Amino acid sequence: DAGVTQSPTHLIKTRGQQVTLRCSPKSGHDTVSWYQQALGQGPQFIFQYYEEEERQRGNFPDRFSGHQFPNYSSELNVNALLLGDSALYLCASSFGPINEKLFFGSGTQLSVL
Amino acid sequence: GENVEQHPSTLSVQEGDSAVIKCTYSDSASNYFPWYKQELGKGPQLIIDIRSNVGEKKDQRIAVTLNKTAKHFSLHITETQPEDSAVYFCAASLPSGNTPLVFGKGTRLSVIA
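For the protein sequence lines, the chains are X and U, in the order given. Numbering-wise, the first sequence is residues 1 to 113 according to this note's numbering. Numbering-wise, the second sequence is residues 1 to 113 according to this note's numbering.
Lysine-lysine pairs mimicking DSBU-like chemistry, simulated, CA-CA at most 30 Å apart:
(1) U/K57 with X/K26
(2) U/K37 with X/K26
(3) X/K101 with X/K26
(4) U/K68 with U/K105
(5) X/K13 with X/K26
(6) U/K22 with U/K37
(7) X/K101 with U/K105
(8) U/K57 with U/K68
(9) U/K42 with X/K101
(10) X/K101 with U/K57
(11) U/K57 with U/K105
(12) X/K101 with U/K68
(13) U/K57 with U/K42
(14) U/K105 with U/K22
(15) U/K71 with U/K37
(16) U/K22 with U/K57
(17) X/K101 with U/K58
(18) X/K101 with U/K22
(19) U/K105 with U/K42
(20) X/K26 with U/K58
(21) X/K101 with U/K71
(22) U/K22 with U/K58
(23) X/K26 with U/K105
(24) X/K26 with U/K42
(25) U/K71 with U/K105
(26) U/K105 with U/K37
(27) U/K42 with X/K13
(28) X/K13 with U/K105
(29) U/K37 with X/K101
(30) U/K37 with U/K57
Where chain X lies over chain U, by a calculated footprint (3+ residues, C-beta under 8 Å):
(31) 28-41
(32) 44-52
(33) 102-108
Hints listed in this document are in silico derivations from the structure and should not be mistaken for laboratory results. No experiment lies behind these values; they were computed from the predicted model shown. Note that beta-carbon positions come from the ideal geometry of N, C-alpha and C, so glycine has one too.
Generate coordinates for the entire structure from the input sequences, incorporating the hints supplied.
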């Protein structure tokens with residue numbers, strides 16, 4: 001049983017560019033949440049997708065957007081990258097639009113130069 | 001919104017000793033308190049969680065206690081082993097399904113053999 005898978009594992013971009021990160025949820029899960037984890041900090045909630053709609057959103061600018069596909073996989077897009085966007089981006093899945101028993105992937109390490 | 005404080009930020013213990021990590025939360029309405037373990041290069045993994053209607057929960061060498069009056073909860077690891085070395089995060093969320101988990105900043109636990 002595959003867990004949460006994320007791609008790519010590492011990514012290097014320059015300021016102003018755009019990036020797309022991908023996530024496949026754990027088998028049987030239908031909800032995907034995205035978190036940003038800066039170095040030495042706890043994960044911060046970006047948004048959650050359920051039934052292909054954004055259900056909740058954290059305190060992140062509109063440069064951060066997402067999408068969920070019919071197979072429950074999800075993408076996180078970040079436009080106009082800033083140096084401060086450098087972080088580990090984590091995807092977590094669950095069964096139903098809840099924030100309990102979350103299963104996290106290993107993340108995508110994004111470096112903005 | 002909810003705010004979670006976690007301490008200590010680093011903790012070193014001898015193998016076989018106990019480790020205790022403490023968290024406080026600000027919103028008395030919070031009712032779900034998970035603990036996650038994050039190893040190097042991996043995403044957070046849920047190790048134990050507790051709801052506000054329970055004062056204590058135990059799973060083998062790991063236990064969590066909750067004091068709703070004082071708004072704090074603690075993780076206890078007994079008979080620590082080198083493989084317990086990792087970063088541990090506490091989190092809290094409100095009852096509504098529309099509120100995301102709020103994480104503490106983490107505790108880096110080192111178990112010295």
